[in-house]
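K.L.:
For reference, the chains in residue letters:
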Amino acid sequence: MTNRLRVLRAERRWSQADVAERLGVSRQTVNAIETGKYDPSLPLAFSIARLFELKIEEVFSPNGQP
Amino acid sequence: MNPLTPRDGRNFSIFSRWMLAAILTFAVATILIDSDSIPGAAGWALTVATVVLMIVAMRSYVVFLRQADELLRKVHLEALALAFGAGIISMMGYRLCERLGAPKLDVNDASLVMLICWMLVQWHGWRRYSVEEES
Numbered sequence: 001m002t003n004r005l006r007v008l009r010a011e012r013r014w015s016q017a018d019v020a021e022r023l024g025v026s027r028q029t030v031n032a033i034e035t036g037k038y039d040p041s042l043p044l045a046f047s048i049a050r051l052f053e054l055k056i057e058e059v060f061s062p063n064g065q066p
Numbered sequence: 001m002n003p004l005t006p007r008d009g010r011n012f013s014i015f016s017r018w019m020l021a022a023i024l025t026f027a028v029a030t031i032l033i034d035s036d037s038i039p040g041a042a043g044w045a046l047t048v049a050t051v052v053l054m055i056v057a058m059r060s061y062v063v064f065l066r067q068a069d070e071l072l073r074k075v076h077l078e079a080l081a082l083a084f085g086a087g088i089i090s091m092m093g094y095r096l097c098e099r100l101g102a103p104k105l106d107v108n109d110a111s112l113v114m115l116i117c118w119m120l121v122q123w124h125g126w127r128r129y130s131v132e133e134e135s
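First to last, the protein sequences are chains X and W. As numbered in the numbering used here, residues 1 to 66 make up the first sequence, in order. As numbered in the numbering used here, residues 1 to 135 make up the second sequence, in order.
Please note that the accuracy of each hint is not assured.
[Claimed, not checked] Only pairs whose alpha carbons sit at most 30 Å apart, straight line, appear in this in silico DSSO-like list of lysine-lysine: (1) X:Lys37 - W:Lys104; (2) X:Lys37 - X:Lys55; (3) W:Lys104 - X:Lys55.
[To be verified] One-sided excerpt, in silico: chain X residues whose CB lies under 8 Å from chain W: (4) Arg22; (5) Val25; (6) Arg27; (7) Thr29; (8) Asn31; (9) Ala32; (10) Phe52.
Just so you know, these hints were derived from the structure itself, not from any lab. Where a beta carbon is used, it is the ideal one built from N, C-alpha and C, also for glycine.
One chain only, chain X, in its complex shape:
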């Protein structure tokens, strides 16, 4: 699964720590999602999409899809 978390975060000038605090997770988790080392659970993926006011498919997509 790929995601646009780093881009979306940069657009809002948020740090990983900012995003982590808003989501109630560790900065390690945000970093692991951004770098593709970890795929978030469905509830967390929805929380991330809600944080950026986007649909989940606008943040996450299966591998090989834009």
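With the hints as your guide, set chain W onto chain X.
P.N.:
Positioned in the frame of chain X, the structure of chain W alone reads:
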């Protein structure tokens, strides 16, 4: 920078304190019972206290896991699974080695394998998901 969220840090601290209390009680109980320094009833009471403290520590670890950040939970659950597997494999494997003439070991040695494996896999997970400072 602390990689734990405040809630995880608090829960892990609670677990650590109960675990420390359980370990200290276990050590004291072992020394006193082995040296025959306490009467039988007190020895049993100390043993019950140790087991109760271990149960409370285990319960606080479950609470920590249930409330943990999901990546942290994944690291801990992987460590537990691998430690459990390593313990079973070492116990069963060594049973065969004993039949072939290897020196006899007791169940504590398998516990040690589990504990070391649990710590090593956690350390590996910690490193795998460690973060660099943002530029």
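K.L.:
Hint by hint, work out which the structure violates, then give me just those numbers in ascending order.
P.N.:
Hint check: 1, 3, 4, 10 fail, others pass.
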